[in-house]
Amino acid sequence: MSKKSKKTSLHKTEKSLTREEKLERENELLRLENSYLKKVKAFQENPNAYLEKHKQRWYANLNKKDSK
Numbered sequence: 001m002s003k004k005s006k007k008t009s010l011h012k013t014e015k016s017l018t019r020e021e022k023l024e025r026e027n028e029l030l031r032l033e034n035s036y037l038k039k040v041k042a043f044q045e046n047p048n049a050y051l052e053k054h055k056q057r058w059y060a061n062l063n064k065k066d067s068k
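Going by the UniProt record's numbering, the letters in the sequence shown line up with residues 1 to 68, in that order.
No lab work stands behind these hints, which were simulated from the structure alone.
Only a predicted model underlies this, so the values are computations on that prediction, with no experimental measurement involved.
Incorrect hints may have been included.
[As the list claims (entries may be wrong)] Result set (SDA-like, lysine to any residue): computed pairs, CA atoms no more than 25 Å apart in a straight line:
#1 K38 to E24
#2 K41 to L29
#3 K53 to R31
#4 K38 to K55
#5 K41 to K53
#6 K55 to L37
#7 K53 to F43
#8 K15 to R25
#9 K38 to Y50
#10 K38 to L17
#11 K53 to E24
#12 K39 to E52
#13 K22 to Y36
#14 K22 to N34
#15 K53 to N34
#16 K39 to L29
#17 K41 to R31
#18 K55 to E45
#19 K39 to A49
#20 K53 to R25
#21 K38 to N48
#22 K55 to R25
#23 K38 to N27
#24 K41 to K55
#25 K39 to K15
Please put together the full structure from these sequences, using the hints given.
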């Protein structure tokens, strides 16, 4: 599907949503944005700790995969 047809189908979908559905969608997007901004803030305040925390998760997951 081309970019143009994606935009048109998205636009048509938005028009067919009820007011409540639009508000629920906006709420969902705001929650995602808030979550992202919290992660960015945590990284900016202490990049080493943030990276270390996520490195440990990645390393633990890697070991789980290797042990199977």
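Agreement of K15 and R25 with the hint, judged by alpha carbon distance not exceeding 25 Å: Holds, at about 13 Å.
Distance restraint between K38 and K55, which requires alpha-carbon spacing of 25 Å or less: holds, 18 Å
Proposed proximity, N48 with K38 (alpha carbon, max 25 Å): Given that 25 Å is the threshold and the Cα spacing comes to 16 Å, the pair holds.
Agreement of K39 and L29 with the hint, judged by alpha carbon distance not exceeding 25 Å: It holds: about 16 Å lies between the C-alpha atoms, which stays within 25 Å.
Given hint N27 paired with K38 - CA-CA distance at most 25 Å: Roughly 16 Å separates the two Cα atoms, so the pair holds.
Pair hint outcome, K53 versus R25 [Cα-Cα no greater than 25 Å]: violated, 31 Å
25 Å Cα cutoff - pair K39, A49: holds, 12 Å
Satisfaction of hint between F43 and K53, Cα-Cα up to 25 Å: Given pair K53, F43 holds - Cα atoms ~11 Å apart, limit 25 Å.
Restraint status (C-alpha distance of K41 to R31 at most 25 Å): Since the Cα atoms of K41 and R31 sit roughly 15 Å apart, the hinted pair holds (cutoff 25 Å).
Hinted pair K55 and E45, Cα distance within 25 Å: This hinted pair holds, its Cα atoms lying about 17 Å apart.
Pairwise hint evaluation, K15 against K39, where the allowed Cα distance is 25 Å at most: violated, 33 Å
Agreement of K38 and L17 with the hint, judged by alpha carbon distance not exceeding 25 Å: violated, 30 Å
Hints 10, 11, 20, 22, 25 from the list above are not met by this structure, while the remaining hints are.
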